[in-house]
Structure formats: C-alpha cells, structure tokens
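**Q** Top to bottom, those sequences are chains Y, D, C and A.
Heads up, my numbering is the position in the first sequence plus 1053, with the first residue counted as 1.
Heads up, my numbering is the position in the second sequence plus 1053, with the first residue counted as 1.
Heads up, my numbering is the position in the third sequence plus 1053, with the first residue counted as 1.
Heads up, my numbering is the position in the fourth sequence plus 1053, with the first residue counted as 1.
Where hints are given, some of them may not hold.
If several chains are the same, the list does not tell them apart, and a pair holds so long as it fits within one copy or across any two.
[To be verified] Under the rule of at most 25 Å between Cα atoms (straight-line distance), these lysine-lysine pairs were calculated in the PhoX-like manner:
1. K1354 with K1088
2. K1541 with K1362
3. K1376 with K1296
4. K1354 with K1103
5. K1437 with K1109
6. K1109 with K1541
7. K1376 with K1109
8. K1276 with K1296
9. K1376 with K1061
10. K1360 with K1134
11. K1437 with K1276
12. K1134 with K1088
13. K1354 with K1541
14. K1103 with K1241
15. K1541 with K1360
16. K1541 with K1376
17. K1061 with K1109
18. K1296 with K1241
19. K1376 with K1362
20. K1541 with K1231
21. K1276 with K1061
In short, the hints are calculated from the structure, not lab data.
Protein chains: 4
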Amino acid sequence: MDHTTVLKNLGFTDAELTGGTHVVTSPIDGAEVAKVHETTLADVPAIIAKSQAAFKAWRTLPAPRRGELVRLLGEELRTSKDALGALVTLEAGKITSEGLGEVQEMIDICDFAVGQSRQLYGLTIASERPGHKMSETWHPMGPCGVISAFNFPVAVWSWNTALALICGNPVIWKPSEKTPLTAMACAKILERAIARFGADAPDDLHQLLIGGADIGAALVESKDVPIVSATGSTRMGSIVGPKVAARWGRSILELGGNNAMIVAPSADLEMAVRGIVFSAVGTAGQRCTSLRRLIVHKSIKSELVEKLKAAYSSLSVGDPRNKNTLVGPLIDEDALSAMQNALENAIAEGGTVHGGEPVTQGVPAGAYAAPALVEMPSQSDTVKTETFVPILYVMEYDTLDEAIAMQNDVPQGLSSCIFTLNMREAETFLSATGSDCGIANVNIGPSGAEIGGAFGGEKETGGGRESGSDAWKGYMRRQTSTVNYSAKLPLAQGVSFDI
Amino acid sequence: MDHTTVLKNLGFTDAELTGGTHVVTSPIDGAEVAKVHETTLADVPAIIAKSQAAFKAWRTLPAPRRGELVRLLGEELRTSKDALGALVTLEAGKITSEGLGEVQEMIDICDFAVGQSRQLYGLTIASERPGHKMSETWHPMGPCGVISAFNFPVAVWSWNTALALICGNPVIWKPSEKTPLTAMACAKILERAIARFGADAPDDLHQLLIGGADIGAALVESKDVPIVSATGSTRMGSIVGPKVAARWGRSILELGGNNAMIVAPSADLEMAVRGIVFSAVGTAGQRCTSLRRLIVHKSIKSELVEKLKAAYSSLSVGDPRNKNTLVGPLIDEDALSAMQNALENAIAEGGTVHGGEPVTQGVPAGAYAAPALVEMPSQSDTVKTETFVPILYVMEYDTLDEAIAMQNDVPQGLSSCIFTLNMREAETFLSATGSDCGIANVNIGPSGAEIGGAFGGEKETGGGRESGSDAWKGYMRRQTSTVNYSAKLPLAQGVSFDI
Amino acid sequence: MDHTTVLKNLGFTDAELTGGTHVVTSPIDGAEVAKVHETTLADVPAIIAKSQAAFKAWRTLPAPRRGELVRLLGEELRTSKDALGALVTLEAGKITSEGLGEVQEMIDICDFAVGQSRQLYGLTIASERPGHKMSETWHPMGPCGVISAFNFPVAVWSWNTALALICGNPVIWKPSEKTPLTAMACAKILERAIARFGADAPDDLHQLLIGGADIGAALVESKDVPIVSATGSTRMGSIVGPKVAARWGRSILELGGNNAMIVAPSADLEMAVRGIVFSAVGTAGQRCTSLRRLIVHKSIKSELVEKLKAAYSSLSVGDPRNKNTLVGPLIDEDALSAMQNALENAIAEGGTVHGGEPVTQGVPAGAYAAPALVEMPSQSDTVKTETFVPILYVMEYDTLDEAIAMQNDVPQGLSSCIFTLNMREAETFLSATGSDCGIANVNIGPSGAEIGGAFGGEKETGGGRESGSDAWKGYMRRQTSTVNYSAKLPLAQGVSFDI
Amino acid sequence: MDHTTVLKNLGFTDAELTGGTHVVTSPIDGAEVAKVHETTLADVPAIIAKSQAAFKAWRTLPAPRRGELVRLLGEELRTSKDALGALVTLEAGKITSEGLGEVQEMIDICDFAVGQSRQLYGLTIASERPGHKMSETWHPMGPCGVISAFNFPVAVWSWNTALALICGNPVIWKPSEKTPLTAMACAKILERAIARFGADAPDDLHQLLIGGADIGAALVESKDVPIVSATGSTRMGSIVGPKVAARWGRSILELGGNNAMIVAPSADLEMAVRGIVFSAVGTAGQRCTSLRRLIVHKSIKSELVEKLKAAYSSLSVGDPRNKNTLVGPLIDEDALSAMQNALENAIAEGGTVHGGEPVTQGVPAGAYAAPALVEMPSQSDTVKTETFVPILYVMEYDTLDEAIAMQNDVPQGLSSCIFTLNMREAETFLSATGSDCGIANVNIGPSGAEIGGAFGGEKETGGGRESGSDAWKGYMRRQTSTVNYSAKLPLAQGVSFDI
C-alpha cells in the first residue's frame, strides 16, 4: 500500500493533510507526508474545559457500559489493523511486522479493558465497630492527559486510553510532534467507535493536541488535568514529574531504560542469540525496552560475541516496508549523530566496535545505520547513558553477584533479563537482591511485554505502571468509607469522648 | 503520673533530657520539659548511609520474620501504653483518652502488619505464550524517610514504620520539632523489641533526626532515600512533593484537610451532635481530619445550631490531664493568634461567632481557647482555608447536589461525611458524583479512621495512602517477570523477527 | 420469524431435526417442533474419553489464547442474537424481550471471560524461609460437565462454558430434555467460533449429551469428569451433590430458590410494584430467582396489595411471541397442575388467592395461567415450598427482625431483597444478621443478576457460585508451591532434624 | 518433664484425668496415661444447639474484635508452648522438636489470623446500571465442626479454629480418639484466652466431643453444623464428604496423600538426601505429607540409594523424648502390622527392602520400627496405596514426562516435589502439565508447609484448603448485593418489562 492509500483507508481528508503548519516527514526517506494543523497554546484552556465537561457526563455512565465503547474500539482497530500498522511504518519507520504487532497490542489492551470494566474492584472490609461497615471504592478522576513518544506512536495511547475510558476519564492526547498522523488516525478510529456507541458518550471524550513541547507543557501545568501519563525521555520526565507534583496532580511516568541482559554459563546460547538480536536491533534500538547492555559470563563471552557478530552481519538494513528488512531507519539525523558520537566515546573508553556505521547504499534517503556491537572493558559512563539507537555494549562478569551489581548500576530501572538454565541463578535474579528493574525476565529479552502485566520501571524510569495488573488504579481515585448503620456512635481505638 | 515519672518509665536518661540545644516545652503550660540533642545537617549523610547498609541486610530477611519484629513492637507498645499515652498528653497536649487512643492505634497497626507480613501478595498471571509464566512480585525499596507532625506524634510513625519494616525497609524518622520526646520514646520502645528479636536485625534499622526543617530537607533531597512519607501541612507538602519527584523518589503525602459534614433532614440529630462535637473539638481541632465545615439542610439548621451551642457551652477546656477536660491546649500561641485572626475574618465576611475566645482562667499557662461555632452566610475564602484550630463553620443548603458541590469546593480532599438516614442520599454521597475526598463516611464524623482502610486524601491533601488495604504497596517496588521455560522464543503480539 | 426460519438461520439441517427419537415440543402450543437424535448411555464413555483427550491439548494453550476463542464466541452470539433469542422463546416459552435478554447475558459473560483470561490470578507469597519463594497458581482441571434446566436454556451454559474454556477445560453439556434445540444451536454457534479460531483448538472441546436423566447420571458418576456444574431443582441437586462427592469430584450446584422481598414502610411503593411484578411473573415465575414471597410491613400491606392486584389484572397472558405479552406459557401441563395444587393448599392453610386460574381463551394450546397473588396469614408449609410457577405469597410483618427471620426461614438460600429508603434497614438486611441468601439486593427485585457478581446461594440452593467475581476458581485447581533456590534446607516452624 | 508435670502445667485436674471411660495410652510405651470422660451420643444435640446460640452472639462482634481473641490465644500458646509440645510428644509420639514445631505452627496461624481479621475482604463491583452499586461481602456461617487425626493433634485444630473464630463461627471439635488430652489442653488454653478477652465472648464458643466415630458421625450428619472440616484418612473422608453434601453442608476435607519426589539428574544430591530423610521418616512417616515415593532419574539412582541407605542406617529409633531420637514410635501395633504387610507385599511385587524391621531393643514398650527403603521395579499396587508408616518406595525414570506421569498416577493429590537445578524441569513440574497435587515444591520435600499458603490437595485428598491464602473463605458465606439508590428500576441485560 502506498501512503496515499493508507491515509485514505484510515479516513483522512485532504483538508486534514494539507494546509497546516506542522510538517510531517517519514523517517523512511525524509520526505514530507503532510502538513497538519497545529493546536495553538491559546486553544488549550478550552480543550481542557471541554474535557472537564465530558468528564461530568462520562463518569456517570456505568463502567461496564464504558467498557462497551472500548470493545467497539477494539473492533474498529481490528478492521483498521493493516492500515494503521502501515501508517506506523510510514511515520515511525518500524518494519511491517512490528507495525502490525503494535496494533495487535492495542487490540489486546482493548480486550483486556473490556473485561476490566466489570472488575474495577474495591474492597469490603470488616469494621472494628459494631453496626458499621467499611469499604473502598474506586471512582473516576477527571481528564487524563496522555503524552506519547514517536517510537510507540499508537500502542502507548491505547494502553492509557483504554484504561482511562473504562475508568471514567476523558483523554487529551499530545502525541510526539513527529507522529501526528498516527494520532489523528487513532482519533478517527475511536470516533467511529463512539459513533456506534451512541448518544450517551459525551462530546469531547477524546481530544488531540497537535504540536510541540509548549502545548504539552500547558497540559502538564493545568490543575484541571488530574492525571498526566507521559512516556518519553528521562529528560522530559524530569520536567513533567515535579511540575505535576507542584500542582497536586498525579503523573504516570514511563521514561528511559538502559536495559541489560545477563548471560550465564548455562544459558541456551542459540536462544540467547535470537533474544539478544531482536531486543537490541528491533525497532532499530528505539524501544524504551531495547537491550543496550549485555553482561556475559567470561567463560562464554568469546563464543557469544562471535555468534552475535555473525548474526549482526546477516541483518538487512533498509526500507521497513520491504519484507526482508529487519532494521529500518532511525527516527532522524540527530539520532544517527548521537549514535556516531556514542560509538566514538565508547572507543575512547576502550571499547571495540563491530558495525554501527551509517548505511547509505540501497536504502532510501532516511537515517540508516548498521546496528553496533561494542565490546567494553567495563561499564563506563557511555554505557551507563541511554542512547536511543541500536548499540549493544558487551561486558563480561565473573560471579552472579557481580553481574547483578552491574545490571543495577545505572540510573534507569525499566527492564532486565537473564538467560540461564540454572534455577538458582534465575530465582536470585528475580529476588529482592536481584534486578532492581520494574521488569525482570528469564530466558526472554527485555522488550516485548505482554499487556497482562503492569508495565513500567523504577528510578529514572519514573515509577509509573501502565497496562495490566492493577495499573488501572492509577486512573482512579480511591475512597475509603465507613458507614454507621447502628443507632450508636462508638469511636475507633476505644476513644471515649462523652459530652 | 508526673512527667518525670513518665519519662523515667519510658527509659529516658538524664543525659538524653538535658544538655542538648533543642528545647522541648509542653503546650499544657509552656514550661520547658527537656533540652534534647539535635541532629546536625552534617550528620545526615552518614545516617542515610547507615540506613542503606541496614537495608542490604534487612531486605534479605523473610517478610514473616520481619513481621515478628513488628509483633514484638506491638507487645512493647502494650507494655508502655500508659506511659507513652501520658507523654503524648504532655508533649502534644491531647487529653488522656486521646493520648491512649493514639497508642492503641499503634498497637492495632502492629497487629495488622504482622498478618500482612505473610500477605505481601503479588500475582501469578497466565502468559499469552506457551511455556511461559508471568508473575508480579513486591520487593523492598530501601530507606523510608518518615516526616511527622506534632498532632499525631506517634501514631503516624507507627503506621509508616510497621509497614516499612515488614516491607523490608529501614526507617529514618524526622518528627516534628515540637515533639522530639515522644519520638525518642518510640525509638526506645522499638529498640527493646529489636533487642528481643535477636541478631538478625541489622544495626540502624531505625534512626531519628531531631531538629528543624533543614534536617527534613536533607532527607527529602537525598537520592538514597527512595520513599519519603510526609504528614503535615499542605505548605510543607508543596515543597516535599516536587523535590522528591525531581530526584526520582516516591512520596507518600498526608497533608491538610478542610473536612465537612453534610447534615440532611433525615439525620439522627442527637447522633449528629455527638459526632460533630467530637470531630470539631477533639484534639482541640488539631487533627488533619478535624471537622471544619458543617453543611446543614436549611430545614434543620436552627435546631442543630441550638443543640450545638448548648453542647459547646458544656465543654470543659483546660489541662488535658484532668479527667473531665475535653478540650486541651492549642499547640502554641501562634495557633491561638491564627484562630483569633480567622474568627475576625469570618466576622468581616458576615459570620456570626459563638465562642472562640481565649481561655485564661482556670487553666495552666498554655494557649487555650473555647471552641468556636461560626454561622456563615456562604462558603467564603476564610471557610475554604484550613486553620488548624477548633473552629467550625456552619452553612446551610437546599438540595443535596448543592451540598455536595459545597463539600467539594475546597482545595483539600481528605475527609468528609454525611449524616442521613436516607439511603439514596447516603449512596449518592459515596458515589462517583459525591464526595471527592479520600475518606467519605456516613453517620460518623470525618475523624477517627480505623487502621484497616487506606488512609489519605486527594487534591491538596497529597494523594498518599497509609495504613490498611493495599497501602503497603507504597513501601515496595513492583517487579513484573516473564519466565520462559520452553525451548522456544516466541514474541508477544505475534511479532515475527527471524534472523 | 416462524420457527422454520429461526432454525434455518441457526444452521440446523433437516437431518438434525427429524429422524431422531427425542421429541421436542414448544410450550407455546404443545406442538412438535423436531425429533432429534438422542445420545445413548453406551455413547457416554467415549464422549468422556474424547473430552479427556481434548483436555490434554487445550490445557497447554495459553489462557489468553483460550480467551480468544471465547471472544469469537461472543462475536458469533452477537450475530445470532435474534435467531437464538427467538429459539429460546419457541422452546422455553419466554417472551421475546427475555429471550433476547438471555442471549445478551451470554454475550456479556463472553466479554467478561475474555478479560478474565488474562486475569486468572494466583498469588506470589513471601516465604518465611530465606532463599525460598512461595506462590499459588491456578491450573486447568479437566472435563467440565454442565447440566442445565429448561428455564435458562442457553445463559447457564454460557456462564459455565465461557469460564470453563478460558480455564482450560473442555465441556460436556447435558441440557434439559425439554430444550435440546437451543443446546444444539449453541453448539453450532460455538463450532463456528472454533472454526475461525483455527487449528490449535482440539477436537471435542465441546460435546452435547441429548437425552434424559440416565445420561446425566452417567456424567455425574464418571471419575473422569472432575467438575459437574448442575443447575436445576433441589431434588436433582440432592442426588448430584453426594454422587459427585462420593467419587471425589467437585460440584457447582445452582438449585432452587424461595426468594422473598421485604417491603418496609419507607419503600418507594411505585418502584416496589414494578420490581415485584417483574420478579414474580417474569418468565412466568419460572426463574430460580423468581420472587415467591412478599413480606410487607403491616402499615402498608393493604395499599401494596391493592396496587399489585391492579397491576396483575393488567398483565397480558399469552403467546410469548406477541409484542404485548408479558406472561408466556408454563413449561408444561405438569407445571399448571402443580400451580393449581399449590393454590388449593394455600387456601386450605387460610390463604386468599387473587388470580392464578388457567387461561385457555385467546392463547395457543399450551399451559397458560394468570399469575397468582396469595395473601397468607403466616408462612405455612406451602409458602416454604418452592413451586416453579407464578405464585406470589404475601405476608405481613411488624418489626424488621421478624421480617428477616421470616425471610430466612425456608430451606433455600438463593436470592432476597428489601425495598426501603431507610439506610439502617437496608444495611441491616445486608449484614451478618440479615439475609442468609447468596444474593441480597436493596430496591431491586431478587432476579436479574448482572454477570459481574458471583451468582448462587446457600443452604438447599447448593452453595455453588458461577459467573463473576472469583467464580472462575471453581473451574481450576489450585497449586501452592514453595521453591527453594538457596543452597540450604531449613524447615518451616523452626523444626530441626539433623541427620 | 514427666507427664504428670506436663499435665499439671497445662491445668489438668485429677478429676479430668481419672474416672472416665475413655482410656488414653501413650504410643511411647503403651502405658495408660488417663481415663477421660466421653461425650455420649445423647449429648451431641445439646452441644450443637449451644454452638448455634453462641453463633448468634459471636457473629455480631466485629471481626477485628474477634481477632483479638485469637491474638490472646496466640499469647497463651506461647506461654504453654513447652508443655503443649511435650504433651504432643507424649500422646502422639512425636520427637520433641516436632512437638514444639507443631505448637509453633499454631502460634503462626494465630498471628496470621489476627491480621486476617481485618482483611476478610469482599469486593465492591461496578454495576452495569446507573445509580446502582454492587458488592460482595463475606459473612459468618455458623458452627464449624472440626474432626482431626492423631498425627497433628493440635496444629490442625488451630488452623481451623483460628480462622473459624475470626470468621465468626463457633467450633465443635472432635479430636482423634487417640489424642483427647492434647485436645483438652487446647480447650483449656483457649479458655484462658477467652477469660482474658472478656464478657462479649459468648459461652460455648468452643466445645469438645471426646469419643469415637459415632460421635463424629453425629456431627457430620447435623444440619445445624454448616461446615465440617475433617482431616484424616481417605476412607473417613469418603464417608464424610457425601454425608455432608447430602444435608447441604460444606466440607473441608484434608485426607490422605501418597506424596512423591522426583530427583532429576541435576539435583543437589546432598540437599536431596536431607530432604528425603526428613520427609520420609519425620513423624515416623505419619504425616499426611510424608514422602512415600521417590522417582529418581536412572543415571543417579544407585548413587542416591547408597547415600540414603547410609543415612537411614544412622537414624536413631526410640523414645521421642530423648534428644537424639529422630524416629519415634508408630501410633499403635496396628500401624506396625500394616507396615510389615506392606513390606511383604512389596517384596512379592519384586521389591528390595532395606530396613523396616520392628525395633524392640533399647526402646520402650511401644510399636517401633526402623524406617524402610524399598527399591521397586515399577509403581505397583502396593506403592499406589498409602500406608501410614515410614516406608519409602524408590523407582527410577528416564524422561521427565515419564516421571511426572508416575507422580500423578496415584489416587491421591496432596503433595509433591522435584529436586532439580534445571529451571526448565522445575517450571515444567509446576505447570499445568506438571504435578496434579495441591502442593508442588522445588528443592524442598513434600512436608512442612508454611501457614501462609493454602494447604490441601486434589483427587482423593478431598479438595479442601486450610490455613493461608483465601482459605478463610471456606469458613464464610458469600453475599452478592446490588443496591439501587436511584429512583429508577432498570433491568440487567437491557430487558424491558413494562407493566
């Protein structure tokens, strides 16, 4: 499908794609795809006010009814899967399989959220006082701001939106300025679901903010947006977190990761190689969960590096729309520069670089690079810095304790894993003294989470959780209630106070 | 018991009580009780480092074993209940029954936490991939800073400490500078429990920071204190929250409340009067959950105000150690001034004040005041401002919707209640369109929570939760794990990536 | 739609509808609809063996993948909603709205189960031993036998099947001998979903047993059917329960109810009348949750009875396919006889009967009756006996305690309710000293449960739970595991045993 | 301590120990210890009636208050630990460490239950109807009959009683006729706790039935005992289960086990040997979780058997009060005969027996035997039969699938384990296709469960669960409630029914 067809299939009109001031280019070839209309700063207050109004209505709909809207969203996503996947490829540069996988994740979270809409369980609690009962109930919070990044231009939105909607919250979405089209496509898909849902969905249940950081800042700073879910760089999060805290909001931060894999002597090396390559070079190393550090037992390091070099050399870099391509473009030239700088720094710190060179032959006009494998003598500053490109640093270890200490010795705490067949090593890695990350896997790479678990990480990753488990609680307010249905008024803790 | 006996019974030595630079006075009579040693700013880094070292050991102890320490703490608190309650009275000015009630709450939370130590439940989760299993486990976080206020000088510590300890975290406690002695007493009681517990409790599991705001700031700003639980004013919280966020910590904020009661036409008025008086004047109006606003249906307002005036006139104000006293001193002269200012402002806004005058006759030399009942024509700025004294503003309403809107129209969101016998009113108040507070009660006042529920509030109350329900999760880090025990490596969402 | 069209739309072939030995008649007019093929007793062992084989395969599919089959089933049910609803009307005699409502309930449980398939949560549990971890996981059980009754010929199957399937269990369904066609239709709908699902659904995942009680007995007695979920009469359950227990199986029993409503002085009477009439005469009184006993405060009894008499007199009895009909036929002539007998007994016990007479004019040739309202002087034996027809016994009470005692004084414990606006009464009814039923409602009738809650009752209702909450655990086996990943072997409870 | 002192310390009077008709002997030497008074069949109805009366009062006490009684019970057990442990040794023949361990387990469950008393959590559930709320609450059930066996004469009671009491249920305990004294001692200890608890504990909260099977049958058959928790043989359970089912009660069955360990090639053999010996010969093989079958990989079978033979030969058999004794007496001569018969049968089936002979030298006059290790060519009928003595059958396997199939191929399903360092083997054993038991461990033996997990098993083990996790739900009834606080009456599933 060429991109005109893709956009048409998704319901874009010419007016939407032209005449705006915001230029959209494809990382595949750097070509301009559209000029879309920007939201101005002046528009934001009215948008937030409309969201507040929508909230007043939406929160009164029963949650299972709200779930029905998300079910319809899931149906619409199924219908639009190919087109939306193709647009992800076009706008974010992902290979086709990954573009489709991202849409599948949207569908999965919708299915999950539909069931969840009948399971927003609070608790009934036995009171210590006769004739009293306690309970805990979860209520809608209000407008939920979603700030998302270019690398998962649609899935992150769906994680937040599916849950926010069933929880009774309208959504205001500020997508990456690099990927407004996928955002507009999602908005259209949701609008179709809303149209089928019927009249009890209020207007403005979902609104878009197209534009740059200033627009996002307006969202972050508004007291009328009680929840801000922001996915992106640690730098961005370091601004958002304190700002939201300062105006008593709640933030759900999903920031950077500097994700490692420990490869133990007993590891199934063939499986490890597959896991490493997918994690390190998938999405051209531009996942927050991309594998960036490999901590290999010294007894197998040479063997593993050789296998990896062989695997890396076979990877086809190029147009992500080609069936055989495994490594598409970086998002822009800045990313390519950052990659080259990091490699230079690594060399300066004693590293040996395999691959990593820019690719210009046989590829379109975008920013392409061969993934890099870098053997490092130790975990240097460059290694500890997240560079959002396909560089994998390889280091060796002697004892498991040492490996875990290396794994933990970075500022971020998103994802981590170990490859081992030894159950003592596996369990130690997962224990209180093991990985300090929000995600810790055994015999699978750090990336590719299922939606059933809570997703997120510790330390500079920001502490937020999205998707499965009880992540929905992040979108609701908790109410603890004691009801006295007796004709007496005892005090807790046996306090007496007789007037 | 005179205070010398109380202090002796709690194990204080002369050296601890004299020779320091931090002067402790009793609000009962303003007299100096002790001069305790202050922690200096220079001491703080070493204290935090010791806590980190304690963490390394403590986290490896099984949680049920950690629970045993808290069980012993509960036993020691039972033994010291009278003495510690008396010290609370001495140092914070609470009446005896409330001093003892506060210690009982400590005992309750210990009992609760012991059971919880075997119930730090994570989840096992069915994976979407064959030969895979998912789980979610909760692990210790690291040192937990506790900042507490004068008005619950011991209970708030126990809530945090009992949970922090079973969760595997050492505690560093910065009590109010007005109540260091109760803090030192708690530390001693815990030390006795630790001594009985035995050698596997590491040194420095619990440390005190005695001093002012600068010491607290050092705790708040340290990257090595991943959790800061701070109870106090909204002003304090507005500083702590963003600072902790800025260095990627987690804060649990329990800040101010401007708590209201709606009294509906069907209310059991006799019960309401008792509930109002206890909530509004108990602890001399110095609870975060004290009742500050009364929203009464116009049909019963006169009757209720008359009853309240009668009840207020019978309240004995004075030395909290006297058996008949129901209203003890304010914490200091500043509080008394703030009270008088607020009353003047209320009058200027059209209010009619009943009571509220300073009391100097028949009381010791502290800051005493008669509780004030203030009829207000509307919910003015003064009413919307939390003044931490026994002032109760009374306003009338016509429809329940109006009453709920008034209840919600303040910046804080801690506690709230309705007195009604009508189930439609009661349930509406508890629903998504009802109270916006963390606590919402029916036919009991806003104060006096049981430890089984999560305690805390929304908006400027800070959003934190302590005590019961799953508040323990605030003291742990969540780990989502996927374990592949198959010999294959499928990707989630059906992504294919064949190298 | 005539029934030929309905059957055709559902995919029935002539061969399925003719040539069998099992005659299907419609309660609407007693006419023969089909002659379907019966399962013979000799067939049962092979059917169970095939189910066991299917189990071996199905249990290895990840639960979220199993959920996908249930999602497809939900889609197919949406497609066939009108036709299946019409067949329910034809075969069970329900009015159209109720027939469709029953299918909607099937759709709801599918949506619910899809979400649940990622939430079959077990627990991770902190062990008391260092280097150990505990967890609790839920595993598939094996073939699940479903025995259902004529009155919910399809919904009960869907509740059980949706959960059984996601839990990893094949299903063997023995429907009521009066409603084999709806069962065959459901089997066809599921087959269509399976066909779309693809090759990893094993053969024989769902099988039907068409026939009488002997076939059901073979299922109940088989050691190879670990779960038997049986819905029907208490008499049936009294046989099934001990038989399944005797061969170490698990039974989920949903048996009779003798459901009452208490109407308190403060009740919204207009609402109560609507609730009573729907609960008592809906499905012609043939729901397990039908309202059978009305316990009215003496102060309002006359008024309420008058209103009910008026409402009853306006009810149209007749062909359930007519738009205006609210009361369709009884299932057969036996039911009509039972009704007349019960009314005679009630009269003999002092009752006053309003309505209740057989209706033969203006209706087809089935067993029709006007719903009966019977004023009773006390709760006699006849009142305490569940007669599965539209008889509502009305009694009066003085105090709430007395009313609750009457409510509880029957052998069954399924559903119950109170109509009151008084919160003390409402909460007392729901408390430990209130209703002893599995379902206790306030201001809604006893019937019409949502699928989000656990459905079932106590005492002779059998104790089983289906549908929402953690009812899914009834379909799985629980495994408690302790994993020692340390190099030591401590014993629990500090036992020492040194060899 | 001699037994007179032990009994005296526990508060027994001479009148209690003499003059009855029920002779108590010690398995240590067969000597008569006491003649206690028996409960007659005629007494039982009144006992049950008193329990019902106690229930009416006890259920109204708040659960946290009920928890306080269990806390006091825990304190009393701590005080009596040595004496009660010694009595367990005397009456059941356990070695001292195991007697004390059993009391420690009682203390643990009390601590657990105290916390649980504030966590009898039901759910609040979002309703699909506007103005409605759903919830699920757990209420007390009524008298709980506890039937326990000689081998855990006190712990099983405490598991049930601690939970039953906090859940609001009185207890009627029928201990093994072989161990009435420990039961009477527990009753006394609980009485002391009740005396401290105060007046709101009703009379007859706990009652004993001393006597034989007929007394137990009366309990089992009474409609007024809604819960029967029975621990003992499969034969006993096969009677109890159907009887309780027939009168609509709930049974919690903890019956026999035929527990196996798989020892894989990678196992830590030294650890395995320790685990095997403790599991197989601890409590003289008379635990329901005793290890009875060893399934060893053929590559290590010879080595492991040699090690076991060496370990077995070092075990001291004799008076359990001696510090060095590891194997005390069997419960009686019948057990010794059963052991000799089983060994003969095993030999007839091709087995090779090591040890197993009666021991008469250097031991008191009880029934002593050397533990037996029996190498079996295959899993014969004798192996598949649980003989409640210290016989361990050893078999070999080739593939893990084969080992798991052998593990599962017995009628019982209580406990199981694998020793392996290979994570794939460990996880497979714990998966849906692994062990079919209620308990499945890795690198620890099948016995010695912690109280934090749910304890119990599948198949002929009876399906009951006690102790931790949500086992408390077995002692309560579940109530699903929908409350309509709106002024409308919508029906679920969109049904319309307009009168």
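**Q** If a hint holds in the structure, say so; if it does not, say that too.
**A** How the hints compare with the structure:
1. K1354 with K1088: Result: close neither inside a copy nor across copies, 50 Å intra and 63 Å inter.
2. K1541 with K1362: between (77 Å within a copy, 22 Å between copies)
3. K1376 with K1296: neither (44 Å within a copy, 49 Å between copies)
4. K1354 with K1103: neither (58 Å within a copy, 37 Å between copies)
5. K1437 with K1109: Answer is between; shortest inter-copy Cα gap is 23 Å, intra-copy 46 Å.
6. K1109 with K1541: Result: close only across copies, 20 Å inter versus 36 Å intra.
7. K1376 with K1109: Intra 48 Å, inter 37 Å, cutoff 25 Å: neither.
8. K1276 with K1296: Cα proximity of K1276 and K1296: in one copy and across copies (10 Å, 19 Å).
9. K1376 with K1061: For K1376 and K1061, only the intra-copy Cα distance (23 Å) is at most 25 Å; the inter-copy one is 45 Å.
10. K1360 with K1134: neither (36 Å within a copy, 56 Å between copies)
11. K1437 with K1276: Cα proximity of K1437 and K1276: across copies only (17 Å, versus 36 Å in one copy).
12. K1134 with K1088: within (24 Å within a copy, 46 Å between copies)
13. K1354 with K1541: between (73 Å within a copy, 22 Å between copies)
14. K1103 with K1241: within (18 Å within a copy, 48 Å between copies)
15. K1541 with K1360: Only across copies: K1541 and K1360 sit 18 Å apart there, 76 Å inside one copy, limit 25 Å.
16. K1541 with K1376: between (74 Å within a copy, 23 Å between copies)
17. K1061 with K1109: neither (35 Å within a copy, 47 Å between copies)
18. K1296 with K1241: neither (31 Å within a copy, 40 Å between copies)
19. K1376 with K1362: For K1376 and K1362, only the intra-copy Cα distance (23 Å) is at most 25 Å; the inter-copy one is 64 Å.
20. K1541 with K1231: neither (63 Å within a copy, 36 Å between copies)
21. K1276 with K1061: Cα proximity of K1276 and K1061: none, with 38 Å in one copy and 51 Å across.
Hint check: violations occur at hints 1, 3, 4, 7, 10, 17, 18, 20, 21; the rest are consistent with the structure.
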